[in-house]
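A.B. asks: Residue-level listing of the chains:
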Amino acid sequence: MSPVGWELLLGLMGGFLVLLMALGVPVAFAFLALNLVGAYFIFGGVAGISLLVLNATESIGTFVLVPIPLFVLMGEILLTTGLATRAIHAIERAIAGVPGRLSLVAIASGTVFASLSGSSIANTAVLGRVLLPDMLRLGYHPTVSIGPILGIGGVAMLIPPSALAVLLGSLAGMPISNLLLAGILPGLLLATLYVAYIVIAVRMRPGLAPPAPVERMSLGARLAPFVRDVLPLMGIVIVVVGSILGGYATPSESAALGCLATLIAAACYRSLTLRALVDALMGTVRTSAMILIIISGSITFSQILSFSGASREFVEAILGVGLDPLVLVALMLLIALLLGTLMDQVSIMMITLPIFMPLIHAADVDQIWFGVMMLVALEVGLITPPFGLLLFIMQSVAPAGVSMREIMVAIVPFILLELVGLGLIFAFPVIALWLPGFL
Amino acid sequence: AETVLRVGTFLQPTGVWHQPIQRFIDQVNARGADLKLELVADPSSINPFQLGAAVQSGVIDIAYVSGSFYTNLVPEADALKNFNLSVQEVRANGALDLMDKIHREKMGVVFLGKIVDGIPLQIYTARKPESLDLTGFTLRGTPLYRPMMETLGADVAQMPGGEIYGALQSGVIDGYGWPLWGIGDLGLLEVTKYRLEPGFFRSEIALLMNARRFDSLNDAQREVLREESIAAENWFATFLTQVNAEEIAKQDAAGIEAVRFGDAESAELIRKADEAAWKEIIAKSPQYGEELKSLTYKAE
Amino acid sequence: MSGLPRELDRLVGLAIDGLGAVSGAVVAFITLAISTDVALRALGLSTLGWTLETSEYGLLIVCFLGAPYVLRHGDHIRVDVLLRKAGPRRRGALLFLANLIAFATCLVLAWLGAQEALVAFRRGAMLFKDIVMPQWIVLSVMPIGMLLLAWEFARRILLRLNGTPVAGEGTEGVAL
Ligand code: NA
Ligand code: NA
Numbered sequence: 001m002s003p004v005g006w007e008l009l010l011g012l013m014g015g016f017l018v019l020l021m022a023l024g025v026p027v028a029f030a031f032l033a034l035n036l037v038g039a040y041f042i043f044g045g046v047a048g049i050s051l052l053v054l055n056a057t058e059s060i061g062t063f064v065l066v067p068i069p070l071f072v073l074m075g076e077i078l079l080t081t082g083l084a085t086r087a088i089h090a091i092e093r094a095i096a097g098v099p100g101r102l103s104l105v106a107i108a109s110g111t112v113f114a115s116l117s118g119s120s121i122a123n124t125a126v127l128g129r130v131l132l133p134d135m136l137r138l139g140y141h142p143t144v145s146i147g148p149i150l151g152i153g154g155v156a157m158l159i160p161p162s163a164l165a166v167l168l169g170s171l172a173g174m175p176i177s178n179l180l181l182a183g184i185l186p187g188l189l190l191a192t193l194y195v196a197y198i199v200i201a202v203r204m205r206p207g208l209a210p211p212a213p214v215e216r217m218s219l220g221a222r223l224a225p226f227v228r229d230v231l232p233l234m235g236i237v238i239v240v241v242g243s244i245l246g247g248y249a250t251p252s253e254s255a256a257l258g259c260l261a262t263l264i265a266a267a268c269y270r271s272l273t274l275r276a277l278v279d280a281l282m283g284t285v286r287t288s289a290m291i292l293i294i295i296s297g298s299i300t301f302s303q304i305l306s307f308s309g310a311s312r313e314f315v316e317a318i319l320g321v322g323l324d325p326l327v328l329v330a331l332m333l334l335i336a337l338l339l340g341t342l343m344d345q346v347s348i349m350m351i352t353l354p355i356f357m358p359l360i361h362a363a364d365v366d367q368i369w370f371g372v373m374m375l376v377a378l379e380v381g382l383i384t385p386p387f388g389l390l391l392f393i394m395q396s397v398a399p400a401g402v403s404m405r406e407i408m409v410a411i412v413p414f415i416l417l418e419l420v421g422l423g424l425i426f427a428f429p430v431i432a433l434w435l436p437g438f439l
Numbered sequence: 001a002e003t004v005l006r007v008g009t010f011l012q013p014t015g016v017w018h019q020p021i022q023r024f025i026d027q028v029n030a031r032g033a034d035l036k037l038e039l040v041a042d043p044s045s046i047n048p049f050q051l052g053a054a055v056q057s058g059v060i061d062i063a064y065v066s067g068s069f070y071t072n073l074v075p076e077a078d079a080l081k082n083f084n085l086s087v088q089e090v091r092a093n094g095a096l097d098l099m100d101k102i103h104r105e106k107m108g109v110v111f112l113g114k115i116v117d118g119i120p121l122q123i124y125t126a127r128k129p130e131s132l133d134l135t136g137f138t139l140r141g142t143p144l145y146r147p148m149m150e151t152l153g154a155d156v157a158q159m160p161g162g163e164i165y166g167a168l169q170s171g172v173i174d175g176y177g178w179p180l181w182g183i184g185d186l187g188l189l190e191v192t193k194y195r196l197e198p199g200f201f202r203s204e205i206a207l208l209m210n211a212r213r214f215d216s217l218n219d220a221q222r223e224v225l226r227e228e229s230i231a232a233e234n235w236f237a238t239f240l241t242q243v244n245a246e247e248i249a250k251q252d253a254a255g256i257e258a259v260r261f262g263d264a265e266s267a268e269l270i271r272k273a274d275e276a277a278w279k280e281i282i283a284k285s286p287q288y289g290e291e292l293k294s295l296t297y298k299a300e
Numbered sequence: 001m002s003g004l005p006r007e008l009d010r011l012v013g014l015a016i017d018g019l020g021a022v023s024g025a026v027v028a029f030i031t032l033a034i035s036t037d038v039a040l041r042a043l044g045l046s047t048l049g050w051t052l053e054t055s056e057y058g059l060l061i062v063c064f065l066g067a068p069y070v071l072r073h074g075d076h077i078r079v080d081v082l083l084r085k086a087g088p089r090r091r092g093a094l095l096f097l098a099n100l101i102a103f104a105t106c107l108v109l110a111w112l113g114a115q116e117a118l119v120a121f122r123r124g125a126m127l128f129k130d131i132v133m134p135q136w137i138v139l140s141v142m143p144i145g146m147l148l149l150a151w152e153f154a155r156r157i158l159l160r161l162n163g164t165p166v167a168g169e170g171t172e173g174v175a176l
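Protein sequence lines correspond, in order, to chains A, B and C. When the letters of the first sequence are read in order and numbered with my numbering, they come out as residues 1 to 439. When the letters of the second sequence are read in order and numbered with my numbering, they come out as residues 1 to 300. When the letters of the third sequence are read in order and numbered with my numbering, they come out as residues 1 to 176.
Bound conformation, chain A alone (with noise of 0.2 Å):
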């Protein structure tokens, strides 16, 4: 379709757009403004850049997005009427005695969370700006206060309800009771590697977390902060999960019943004022304006791709390698990871899965085994720089003078170790399909 190769396109849309990246364009920006030149040449003059306006439009016009500011929402109420800080300081206190507790209280809560939301950018928006604040000011080191709370956004997406994994059930034709039951254990399996670098992370290195406290208290001294603040709380959750479940209501509009139980929760504990609802609403509207107006950019940038042909014909040419239908499944993995740095997981799906479903059918293997995989893939494109939403949405909600530098060093375990990850259900498909083994 170009008149340029698709080595030569690629190469040089994502050598802009790291270049534009580096200069300090912020991160929207880059992206629209390759996009204008991107849209000029390969949609074709004018009427291409015409085109791209009213993509970029449409892009952002689709209630597949809307849970992002309600969730995020969710956690600016939490963190607005104080509701948070007391948790955190409530879970501190039942938990004490163990170094680096508040990693694994972002791992826990965020496995919790990723049960009743199927949106990772909502994950890490909650946690980042409800945990993120406090670990930091403890004296939490990035890598176990940024990392574990990015890791374990992608898991959202594994465990059930997750938007992603519907979307790719649906694109390509799978059986999406199967994939959900699927993607539960491998969610699990991630967040367990989690725990364990944490634990293993700060023994052998105290400076990254602060210093466990011996403190001699009762089991009642510890717990009752726990059941005056951390227990009522559930009751939002029982909201979000119990509203879906009991079939009220779909995962996006369990979002809003979220805000409103969260709303509710902090008016029992009297700590609702109009000053925290206004700063709550202005914090949403700082952060979801920030993402969406990225996640546009994004997209576009994979339309524009797309339509070149350059990402098709780099598919196909990595494919082409072999046919082995092992060699077939781990190059797919590998196109996955690699459009994941510079494209968002839903254009990757709908470029990718028209030409890879044929050939899973043909090499006959396993789609469920195979779609679990892709998820995985997916998730770690989320964090891989340089466009990496999840990094962005930390970036957008951590406490001033965070830097995107800091960031990008405390993630590089946790891409890692969702790669082992990966690794683990290549190895052992029955870690995927060992529940919907049971339908």
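It is worth saying that the hints were derived from the structure and are not from the lab. Among the hints, erroneous ones may be present.
The calculated DSS-like cross-link candidates involving lysine-lysine, where the alpha carbons are at most 25 Å apart (straight line), are [said to hold, decoys possible]:
1) C:Lys85 x B:Lys106
2) C:Lys85 x B:Lys279
3) B:Lys298 x B:Lys101
4) B:Lys284 x B:Lys272
5) C:Lys85 x B:Lys272
6) B:Lys298 x B:Lys284
7) B:Lys272 x B:Lys298
8) C:Lys129 x B:Lys284
9) B:Lys193 x B:Lys128
Model the placement of chains B and C with the ligands on the given structure of chain A, informed by the hints.
C.D. replies: The following block gives chains B and C with the ligands in isolation, referenced to the frame of chain A:
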């Protein structure tokens, strides 16, 4: 040199929905009229709701797109689903020429043909309808299904396609509207229990071509595109019968039960839904609405 | 800046803050509308019927009209890997160039977006969904946001040329 025409589709380029356009591309390319059709755009590159704009401005040359996706450019396109005369009949009686005129006038595109036609829209449910009165049912619908659903007395819920699966499984909705084709592609075979018969309206996909580009071709090339469009329309009738049977077999195999109530009563419902839909179209297009209806719709 | 430009900037600032507040109200509205829908359905009543569409338009507002507010009161996410390594002079030059690129981008998008909206307005194009609405309204959101963003980037460039860059722009912050 060979003339390359860039084709775009509003659907994923796989499966039964894609076959008509793929076949059209192959047929034209095989004619050796110095024409080469290339599929360059699908939803991964152009948003389905902007495919009309893309063919209008010439970013692509030919679009494979359903009428309800570009009503902002040609409100009359919404009428395509309401024709109950066959595509051969509306081609013979000049209705498609009228469509072509409207499309050229309002959008600057040639209406090459209605190459997908007559796939019934259906209502699928998870709990059994006891009559044609669906009061108390919450159905997921789009503006396309709304007239029929409201005629049935159901409450219409809005949600993205990706949420149908979970919502139906948990009971947030009791059912949804979808064409006869393709609920398996959405993973919905496993959560759907009933299909209300008969279907209504007729899913369609048209082939549009940028008018400037069309006029820039030579006579022979234009003739090839016209002939192949008509051939595609005629070919589709057999394909429709075949795929309809396959889709029903798939739904049967998944245990989806067809539910049918009195024929006269059903016909009356369909007539009402048709009337409601035509009323909307005439409101959208006072200029052409009535004329289109008289050419394409015969009340039974 | 002084005199007329300063007065103009104050007015633009007010507009940006106003649109920020509107975006906040939109978030509250979406939350309430969806919750109402769920409640109505649970009670077996008819749902509002416009929640999905208004939420979608709401996202457009939060995205494009909230963005200038975010920029005015902070910054959009920048990758600071290089910025943090550079000395003050070079960092200033990088930020100048970055803001210039962002400014030009926003201006072009504002211009072409406005053209699209104008074309839709002239044609009288309507969006026929559950809500029937003129398309130009939807298409106006992005160019308005882009124009305000362009203004804000231009302001940053001018302030930097005057030697008084926006406080907090590309802040390196305290090491953790
Ligand atoms: Na989840
Ligand atoms: Na990435």
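A.B. asks: Hint by hint, say whether it matches the structure.
C.D. replies: These are the hints, each one checked on the structure:
Taken as a hint, the C:Lys85 and B:Lys106 pair is broken in the structure, with Cα atoms around 56 Å apart against an allowance of 25 Å. Distance restraint check for C:Lys85 and B:Lys279: the Cα-Cα separation of roughly 67 Å exceeds the 25 Å cut-off, and the hinted pair is therefore not satisfied. Straight-line distance between C-alpha atoms of B:Lys298 and B:Lys101 comes to about 22 Å, which keeps the hinted pair within the 25 Å bound. With a C-alpha separation of about 19 Å, the suggested pair B:Lys284 and B:Lys272 falls inside the 25 Å cut-off, and the hint holds.
For the suggested pair C:Lys85 and B:Lys272, the alpha carbons sit about 71 Å apart, so the restraint of at most 25 Å is broken. In summary, the hint linking B:Lys298 to B:Lys284 is supported, as the alpha carbons are separated by about 20 Å, within the 25 Å threshold. Pair hint B:Lys272 plus B:Lys298 holds up; C-alpha atoms about 13 Å apart against a cutoff of 25 Å. For the suggested pair C:Lys129 and B:Lys284, the alpha carbons sit about 12 Å apart, so the restraint of at most 25 Å is met.
For the proposed pair B:Lys193 and B:Lys128, the alpha carbon gap of about 8 Å is at most 25 Å, so the pair holds.
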